[in-house]
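Modelling step: build the complete structure from the supplied sequences, incorporating the hints.
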Amino acid sequence: MAAALSEILRKSPRCSGLVMVTRPCVASAKLSTDATKHQTDRPGIYEPKIYNLKRGTGGRSSFNGVVATVFGTTGFIGKYVANKLGKMGTQIIVPYRGDHYDVLKLRLVGDLGQVLFFPYHLQDEDSIRKAMKYSNVVINMVGRDWETMNFKYKDVNVTGARTIARIARECGVKRLIHFSSLNCEIPEGLGILPDGSQFLKTKYEGEQAVRDEFPDATIFRPADVWGQEDRFVKYYAHHWRRFFQWVPLWHRGEKTIKQPVYVSDVAQGVINAIKDPDTAGQTYDLVGPTKYQLGEMVDWLFRVMRRDEEWGYRRTDLRWSPLFQLRISLTQKFCPSFPVAYLNWDKIERDHITDTPTGNPTLEDLGVSLTDMQSRMHWELKQYRAAAYYDEELGEFAPPIPPKIISTTAKLAQ
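Counting in full-length UniProt numbering, the sequence shown tops out at residue 414, every number present.
For the record, the hints were derived by calculation from the structure and aren't laboratory data.
Note that CB positions come from ideal geometry on N, CA and C, so glycine has one too.
Hints may be right or wrong, so weigh each one.
Claimed, not checked - Result set (PhoX-like, lysine-lysine): computed pairs, CA atoms no more than 20 Å apart in a straight line:
no.: 1; residue 1: K54; residue 2: K174
no.: 2; residue 1: K255; residue 2: K291
no.: 3; residue 1: K154; residue 2: K347
no.: 4; residue 1: K333; residue 2: K347
no.: 5; residue 1: K152; residue 2: K201
no.: 6; residue 1: K382; residue 2: K201
no.: 7; residue 1: K105; residue 2: K84
no.: 8; residue 1: K87; residue 2: K275
no.: 9; residue 1: K174; residue 2: K133
no.: 10; residue 1: K234; residue 2: K347
no.: 11; residue 1: K275; residue 2: K174
no.: 12; residue 1: K201; residue 2: K154
Unchecked claim - Here are the in silico distance ranges between beta carbons for each label pair:
no.: 13; residue 1: R107; residue 2: Q245; range: 53 to 61 Å
no.: 14; residue 1: E396; residue 2: D317; range: 51 to 59 Å
no.: 15; residue 1: G281; residue 2: Y390; range: 39 to 47 Å
no.: 16; residue 1: R55; residue 2: A387; range: 50 to 58 Å
Here is the structure:
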């Protein structure tokens with residue numbers, strides 16, 4: 001009996017490449033049966049196939065059974081998500097467009113052979129299909145805060161999102177996580193742009209397109225995300241966002257409430273959503289633990305940078321700053337593909353929309369302990385601090401006065 005079983009396994013094309021034939025394949029067959037039973041009881045992302053079974057004891061040098069195609073890995077949030085995926089033993093496929101040197105540094109997020117790079121184009125369906133044909137998880141973080149000469153908002157946020165969702169369904173992908181934006185359901189404008197933010201409108205249309213093609217997709221709606229290399233704190237710290245030392249805000253930022261979220265918390269939310277099959281088909285509002293008035297928060301950021309009123313800082317009203325409005329228009333016109341400091345009118349519109357969660361589950365429902373801005377902002381803004389290379393003595397500068405808090409809505413990470 002054992003000899004016959006050994007002969008059958010030896011001739012099997014799936015087991016012929018193994019050095020030890022009988023015992024590993026019998027054990028794998030048993031694990032495959034257990035995986036089938038588990039999948040029947042609680043649908044997940046794992047398939048009852050030998051090459052999808054877990055290997056190792058955990059960590060970067062293991063394989064947890066997840067093969068994830070991550071679109072938008074070269075972006076701000078994508079690097080953090082890829083790092084956390086690699087840390088838990090995920091095999092990561094990184095589709096990229098443009099120069100391959102932009103993604104080579106991501107080799108370090110996983111063990112040797114666990115991070116694979118594949119060139120693709122958002123309008124080339126064959127390349128998208130090849131990038132996800134062996135994956136059981138797809139994460140779509142493709143996006144742009146401004147329109148370029150090659151891609152408009154609709155091309156990326158609607159057409160591209162629909163294409164990725166449709167091909168993921170056709171390839172049999174188990175889980176799709178799609179990144180949208182908070183406030184995307186707000187249709188009316190603030191008076192800055194007559195038709196409101198086209199970015200937010202197309203993000204909402206993209207959600208509907210993803211739901212049509214992949215009904216079980218998990219949709220994330222992040223608020224402004226802060227962290228290293230972000231487009232929120234770095235945006236206000238950039239000299240081009242100021243008019244000399246004045247910072248123009250719509251209504252001086254006094255009518256806008258913001259609830260920014262830490263990038264590492266967002267990445268952890270992605271990991272927890274992958275692990276929990278109950279998150280399929282859900283929409284999550286990714287907001288931080290604390291609400292701030294925009295004007296108060298910007299004042300605090302400049303106090304942390306030691307660029308307060310004594311240095312020349314002043315918060316003004318953008319409505320009565322025609323020269324700065326001209327700067328926005330000229331930046332948008334002459335730098336269409338990459339505006340200086342990300343300055344464009346659509347972003348100005350989004351900057352002054354109050355963050356309004358819609359009652360959807362949040363990161364806390366995913367088991368994430370949120371990080372407070374005040375605990376890390378001295379580090380995030382250190383490179384933008386006035387006289388950054390001055391070696392001050394202990395206690396020479398008083399700690400910056402923290403911003404006024406509108407409300408705290410979450411339990412903070414210890």
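Verification of the supplied hints:
| no. | hint | in the structure |
| --- | --- | --- |
| 1 | K54 to K174 | holds, 17 Å |
| 2 | K255 to K291 | holds, 13 Å |
| 3 | K154 to K347 | holds, 16 Å |
| 4 | K333 to K347 | holds, 14 Å |
| 5 | K152 to K201 | holds, 13 Å |
| 6 | K382 to K201 | violated, 35 Å |
| 7 | K105 to K84 | holds, 15 Å |
| 8 | K87 to K275 | holds, 14 Å |
| 9 | K174 to K133 | holds, 12 Å |
| 10 | K234 to K347 | holds, 14 Å |
| 11 | K275 to K174 | holds, 12 Å |
| 12 | K201 to K154 | holds, 9 Å |
| 13 | R107 to Q245: 53 to 61 Å | violated, 42 Å |
| 14 | E396 to D317: 51 to 59 Å | violated, 35 Å |
| 15 | G281 to Y390: 39 to 47 Å | violated, 54 Å |
| 16 | R55 to A387: 50 to 58 Å | holds, 53 Å |
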